[in-house]
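S.K.: These are the residues of each chain, in order.
2 protein chains.
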Amino acid sequence: MGNKIGGMLTQADNAILVIDMQKEWLAPDAPFRNDNAVATIPAIKKFLDWGRANDWAIIYVYRVQRISGIDADMFRRHFFEDGQPYCLPGSVGAEMPDEIAPQSGDIQIHKQRFDCFMGTDLEIVLRGLGVKNIYITGTQYPNCIRTTAVASMERNYPTTVLTDCCSALTKEVAEANIYDLKNMGIRCIPSTDVIEKSKTV
Amino acid sequence: MGNKIGGMLTQADNAILVIDMQKEWLAPDAPFRNDNAVATIPAIKKFLDWGRANDWAIIYVYRVQRISGIDADMFRRHFFEDGQPYCLPGSVGAEMPDEIAPQSGDIQIHKQRFDCFMGTDLEIVLRGLGVKNIYITGTQYPNCIRTTAVASMERNYPTTVLTDCCSALTKEVAEANIYDLKNMGIRCIPSTDVIEKSKTV
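Going down the list, the sequences are from chains A and B. In case it helps, my numbering puts the first sequence at residues 30 to 230. In case it helps, my numbering puts the second sequence at residues 30 to 230.
Just so you know, these hints were derived from the structure itself, not from any lab. Fair warning: there could be bad hints in the mix.
Here are the simulated BS3-like pairs of lysine-lysine, each with C-alpha atoms no more than 30 Å apart in a straight line [as the list claims (entries may be wrong)]:
{"id": "1", "chain 1": "B", "residue 1": "LYS52", "chain 2": "B", "residue 2": "LYS228"}
{"id": "2", "chain 1": "A", "residue 1": "LYS52", "chain 2": "B", "residue 2": "LYS33"}
{"id": "3", "chain 1": "B", "residue 1": "LYS52", "chain 2": "A", "residue 2": "LYS33"}
{"id": "4", "chain 1": "A", "residue 1": "LYS74", "chain 2": "A", "residue 2": "LYS52"}
{"id": "5", "chain 1": "B", "residue 1": "LYS74", "chain 2": "B", "residue 2": "LYS200"}
{"id": "6", "chain 1": "A", "residue 1": "LYS33", "chain 2": "A", "residue 2": "LYS75"}
This structure is a prediction, so every number in the text was calculated from the model and none was measured.
Just chain A, same shape as in the assembly:
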């Protein structure tokens, strides 16, 4: 056997997370469209293509909520009670944008909270692959990116936040979070640096 079964990697030193890049807040007609997240799509696409070519594990983490809202964040449960649910299983809003849609062999995980480790099988998957290093892409900085980056670092994974592949609603919020993350020992660099550095190893 090789290092793939059913087209999926069975071992990988490095994993790229793609967090919450969903049409619910990226589609042209999305009521809560986040333009800064839309702007990161080309960089994410390039980094994922490079990662796949190097047998890095690509892990898409989706926010998905039950229509009852019982698994929604407490401060958002009213949307479900008021008939405005979001990220329902199988809905278009829950999908990743077509440009960076998952490809065969990529891993998909559903979550209900900011932290990609909470209430998910992310840790089981990372252990099963033998992942050593985690690279984070997606949106948005103060919530899912930061919470997951800290949760990853607290588990002693060397953690890198790709600054050209992550976003917030404003530049100021992004910068304030990057400032804090760097002070925790979380590497915050553009994906182009990772790709460039790999050429010299």
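Dock chain B against the given chain A, drawing on the hints supplied.
M.R.: Coordinates of chain B only, in the frame set by chain A:
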């Protein structure tokens, strides 16, 4: 709004777990068919029907594994490497038997380990519903039933294992586990007792 959204309960004091009752080990032609688990199907069906009628939350917990086997238990990963995967997403083997198949409004959760709390959103769902008491059905005693019952009790949920709705490969193994579980303060009684007692409250 009532206590249901989209046909799903939004609040429930009591939850019934249905663990690992999957065709992979229950179907007539299943290579690892567990006759003792098959024998519990009528009692589980009766208890679930009673639970639904009383607005108890019904939570089906499925073992589901990726075809790569990266999320399989370590001691079983060789099945995937040898081309004998089980409980693949969307496969017939992963389904619950037709007699106790999930109904509209029931909750479904996927797991990869014995412990239904590990790497799943079970705790998020229980908190969201406000569940106070947990009732366990399914198979089999030494692995998923016991590990989940202990994990539930350790979280201070009053926990009941329904002895006519749970099974092991042998009667001796079932009895040895029930003996230990009772000594941990986990109630082990037949579902008929729960139904009977409710009439006198």
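S.K.: Next pair to validate is LYS74 of chain A with LYS52 of chain A; report whether the Cα-Cα distance is within 30 Å.
M.R.: 15 Å, holds
S.K.: Below or equal to 30 Å on CA atoms is what counts here, so check LYS74 of chain B against LYS200 of chain B.
M.R.: 21 Å, holds
S.K.: CA of LYS33 of chain A to CA of LYS75 of chain A, is that 30 Å or under?
M.R.: Roughly 23 Å separates the two Cα atoms, so the pair holds.
S.K.: Would you check the hint for LYS52 of chain B and LYS33 of chain A, treating anything up to 30 Å between C-alpha atoms as holding?
M.R.: 27 Å, holds
S.K.: For a C-alpha distance cap of 30 Å, please report whether LYS52 of chain B and LYS228 of chain B respect it.
M.R.: This hinted pair is violated, its Cα atoms lying about 34 Å apart.
S.K.: Hey, LYS52 of chain A versus LYS33 of chain B, does the alpha-carbon distance stay inside 30 Å?
M.R.: 27 Å, holds
Hint 1 from the earlier list is the only one contradicted by this structure; the remaining hints agree with it.
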